[in-house]
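**Q** Position chains B and C relative to chain A; hints supplied.
Same order as they appear, the protein sequences are chains A, B and C. Under this note's numbering, think of the first position of the first sequence as 1, with each following residue one higher. Under this note's numbering, think of the first position of the second sequence as 1001, with each following residue one higher. Under this note's numbering, think of the first position of the third sequence as 2001, with each following residue one higher.
Among these hints, one or two may not hold up.
Calculated cross-link-like contacts (lysine to aspartate or glutamate; reagent style EDC-like; alpha-carbon spacing at most 20 Å) [to be verified]:
hint	chain 1	residue 1	chain 2	residue 2
1	C	2323	C	2486
2	C	2056	B	1224
3	A	137	C	2340
4	C	2172	C	2186
5	A	255	A	45
6	C	2354	B	1069
With the C-beta cut set under 7 Å, the calculated list includes, among others, these residues of chain A facing chain B [as the list claims (entries may be wrong)]:
hint	residue
7	152
8	158
9	305
10	308
11	309
12	310
13	313
14	319
Calculated from the structure, these hints are not laboratory results. Glycine residues also receive a C-beta, built at the ideal position from the N, C-alpha and C atoms.
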Amino acid sequence: MPDAPSPSSSLLAAALRHRLTWPLVTLALLLAVNTAFNASFLHVEWRDGHFYGSLVDILNRAAPLALVSLGMTMVIATRGIDISVGAVVAIAAAVGAWMIGGSVSGGESRFPLPLAILGAIGVAALCGLWNGLLVAKVGMQPIIATLILMVAGRGIAQLITDGQIITIYYAPFFFLGGGYLLGLPFSLFVLAAVFAGLYLAVTRTALGLFIQAVGINPTAARVAGVQSRRLVVAAYTFCGVCAGIAGLLISSNVKSADANNAGQMLELDAILAVTLGGTALTGGRFSLVGSVIGALIIQTLTYAIYSLGVPPEINLVVKAVVVFIVMLLQSPDFRAQIGALVRRPTAGGALS
Amino acid sequence: MSGGHSPTLDVAPTAAAPDRPTTPTRMRLNPKYLPLAATIALFLAMATAGSVLYTGFFSAQVFLNLLIDNAFLIIVAVGMTFVILSGGIDLSVGSVVALTTMVLASLVEHHHWSPLTAIPLVLLMGTVFGAFMGFLIERFRLQPFIVTLAGMFLARGLCYLISIDSISMADEAYSAMAQWRLELWEGASLSLGALIAMAVLLAAIFVAHCTPFGRNVYAVGGNEHSAVLMGLPVRATVIGVYTLSGLCSALAGVVFTFYMLSGYGLHATGMELDAIAAVVIGGTLLTGGVGYVAGTLFGVLMLGIIQTLISFDGTLSSWWTRIVVGVLLFVFCLLQRLLTHRSGKPS
Amino acid sequence: MDVSTGHPLAPVLELTGIHKHFSGIPVLRDVQLNLYPGEIHALMGQNGAGKSTLIKVLTGVLEASGGQMRLAGQAVWPDSPLAAQRLGISTVYQEVNLCPNLSVAENIFAGRYPRCGIAQGFRIDWATLHQRARDLVARIGLSIDVTRLLSDYPVAVQQLVAIARALSIEAKVLILDEPTSSLDDDEVQKLFEVLRRLRGEGLAIVFVTHFLNQVYAVSDRITVLRNGAWVGEWAVGDLGPQALIAAMLGRELAAQCTEPPVIPVFDDAAPALLEAQGLGQSGQLQPIDLKVRAGEVVGLAGLLGSGRTELARLLFGLQAPDKGVLRIDGRTVTFSNPMDAIRAGLALCPEERKTDGIVAELSVRENIALALQARMGMGRFLSRAEQTAIAERYVKLLGIKTSSVDTPIALLSGGNQQKAILARWMAIEPRLLILDEPTRGIDVAAKQEIMEQILCLAEAGMAVVFISSEMSEVVRVAHRIVVLRDRRKVGELPAGSSEEAVYELIAAENA
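Extracted from the complex, chain A is given alone in its bound form (with noise of 0.2 Å):
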């Protein structure tokens, strides 16, 4: 018969059972380890008028992913995916450029910066619509409706470009990517006005319920009254808005756009933040949170093997082992035969 368990033990039981809680202790755990090999990893210093540090650099490179991870969210509680964000990121990115002009007008932009952005992002918008409309109303299942922008779509920002790397001369236009607001890096201040905008529009208004719901059982949702239809259009158009975000923070700070190599494998890098962050590939119950600290462990992660002096050839491979271990931890089966493996020597007997 086992004890009565203590206040303290239960509260743990509690803690250990939140969804949040894996996702924090593995990026505590990929910290302590950066911490570790490199002293200096957690310093932070004030130089040339903004802070200046391994964590600020990790938090500027992740907040496209993040970006791209909050649209993501939104797709998959609807029970869908976007494969073709990366090359949504081109496309906006190569969008940006065109309308900055690049080596053409060298320092001047040939349209207005403002109206550039908003091009960039309106056409990403559309890449999210198209998508979007596919799935919803000509029913296609979502992995082969993004497919298809993920195919033409690369195709689509070459076009733009003329097959060529666009390079950026134009000053202004890097203060997205890699300019300072309060000392901090822009980038953060974007990625926190989405999330502040997201998360507010989910927990605030119904559509939080809303998309749960369609992602849980969309036939229910649709019967109860629920616009099935437009929120899941929505959820896609959202998903390019923010791919087209981050491809402009991208270009903005590798000063270029590369219709090629932007955002190369980044839909499977957002993919991995959700997943990391608890949310279901399967739909329903999504967490916002989660998908920006996945994001968070991603970077982490990389800058972790940068750090250690690993050779880039593993990185990928350090990957792939992080990334069972977590998804092992994060199941609720390995963790029960964990359990009982280790209770197994501990009870010395029967269980049941």
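**A** Just chains B and C, lined up with the frame of chain A:
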């Protein structure tokens, strides 16, 4: 109340749920073959269009080249078909192909193994890899998408561990195998890879339709819960499909080395999506339980003929190629959707 | 051979002292079951009584926490469905757990295919398989094409195919878990013929059902469970309906259940709230006229497949009609989706609560508030406190058994889920509520509560369209009965009509 007993219940097949239209009995073709028929029809249409538009298109070798140039994709897609039929997905196939080429190239070139020992070894490696992923998916109820995604990272990572650069295969015996051609008739020949692909395809069709394993795959894909209650070996079947996919990927890797004569970590990037596209175009539903292995062949041929048409045209730059492939994929999937929707099949 | 005394033959299956608990919560306590060859044994009890759990223990899906099971005198413990099958215990579930994408013959022989070639271990012998399937199917009196997909056939046939599968494994015990829920009377009779034939061949059949009249029509003995405990075992002749209900409920609800309520006469001159003129959809429903007034309960009666659900879906905007007009308060309306209908004051409680009703992972509170929230739109959000208040109100009103309103709805029993879905629609305070089979698959007490609720709502001025396959319910509660057959309306009957009158009206078209 019913009027009088009748000893037998004569039932003509009707729509299962009341709110779907009754399938009109005038349709001679069993509705379940419709997507496959659509694929074949479209393929023939494209072949005809090509023959009309471009000189030299209508030749036996052009069509046989479809098999030769896509032999590895056929093999990979066949493995993928089983996985998708069971309701899962395998994103690691391209990476396993690359890993196979890398290991094979390294063994044959750097360690001077004979191909006769190296090839069985890499096949075993692929099989074990697939079995491992299948085990994780089944034992801990993990999502196939993520497990095979991690597998994809792992396999490619292992490639780079062996060598960052490509390893050319100059071994004479190997080159001889790669260049060997079976002469069918004047001006028409098949490569060893194409023959292997055809053999794999035929074996797969047999497995799918004449073995309990194949039928269990369909059952698990149709309704896994029911399959469990019916006492079918669901566990073994799920692990089996991923193992089979791993074996097919490794075999495709071997065929790929015949084609490219090198091992390289960047080989076969994106092949998993090509395979999925081929399977879907071939009429298999991503939700599982419905589809034919033969359809996958035509899915691959469709992708191949698109590439052939574009190269015959010769005027399209690489990015236009991508756009055209995307458009054709869209048109095809739209047609498939409209056709299956009309016949009243569940979406 | 005298089954009514239950003694002369040795039992084929004996369960004694069966215990089962989930994380310390007992679900079965000291349950017993004695099954003899050549009998049909009804297993009865309310929802939550433990019938499903007992079946799952019998068939190896769950492992019992204690007790003994003897099959033909041997102690056994099936630990998987496959093991149970090998022992000769076969089950046909309510949802017909077969694979709809495989053919009938394959479903029957899945896992046990006849083989041919290379010393009979090689490929599947399709010819033999199809022939054996035909023979089996003929044995139970079915004449179908065994090569067609299972999904091509209606549920009634699928169930018989499941029985054929059970026979193919030479079962000693056949368990039928609520087999008649989706069948109409005709199909139920055919099923019973098959069961009687199998009983005659010496098969022991366990028959789980909610329908009292079916128990008395076909079973030989009855075992009753209540709240996880064994109440008793009787020969069917020794236990009358009232005593049976008393055993199941443990209280004197019996008297209430069998007395028909008095229906007040309805004022025919009152204006119509909803009027459908020639409403129809090609291939689904022929043009139908329907009038429903405020405070009126209109029963839609008919056999399975007669078009009642199609009509409900057309009225609610789930399907677009291509013939006729629909008028609300005299104004013509067209509904392109459910939201339009909801805004016009309609509500539909769908037939299939699992696929069209409950949103499984969401809580009871969120499920109940869903339609109301949908009507209010995205902007005006019901806070958690408001949702809780609404949910608790209906939990109390309808007697929904749940530990809290935050419990995921999937954990509730079928009857309580149904009540929660009903609560969802009552929460939007519609002017017209369409109920499609609201009492299917739920226990006697819950049925009674729902029927009373319907009458209360009508008295308060709500119009109700009530669809049910249980004719007795329809005639008890409706002010007017609209009778459908084969996708068209065949007539109307006034309140107080007998069941026979309804059947006659349906059958009249036959001649």
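**Q** Now, for every hint given, state plainly whether the structure supports it.
**A** Do the hints match the structure? See the list:
1. C:2323 / C:2486: Given pair residue 2323 of chain C, residue 2486 of chain C holds - Cα atoms ~17 Å apart, limit 20 Å.
2. C:2056 / B:1224: Answer holds: residue 2056 of chain C to residue 1224 of chain B is near 17 Å, not above 20 Å.
3. A:137 / C:2340: holds, 19 Å
4. C:2172 / C:2186: violated, 27 Å
5. A:255 / A:45: violated, 26 Å
6. C:2354 / B:1069: violated, 49 Å
7. 152: Since the shortest Cβ distance to chain B is 2 Å, the answer is holds.
8. 158: OK, holds: residue 158 of chain A within 7 Å of chain B, min 3 Å.
9. 305: violated, 11 Å
10. 308: violated, 15 Å
11. 309: violated, 16 Å
12. 310: Residue 310 of chain A check fails; min Cβ-Cβ to chain B is 11 Å, beyond 7 Å.
13. 313: Since chain B brings a Cβ to about 4 Å from residue 313 of chain A, closer than 7 Å, the hint holds.
14. 319: The hint holds - residue 319 of chain A has a Cβ within 7 Å of chain B, the shortest such distance being about 5 Å.
Of the numbered hints stated above, those contradicted by the structure are hints 4, 5, 6, 9, 10, 11, 12, listed in ascending order.
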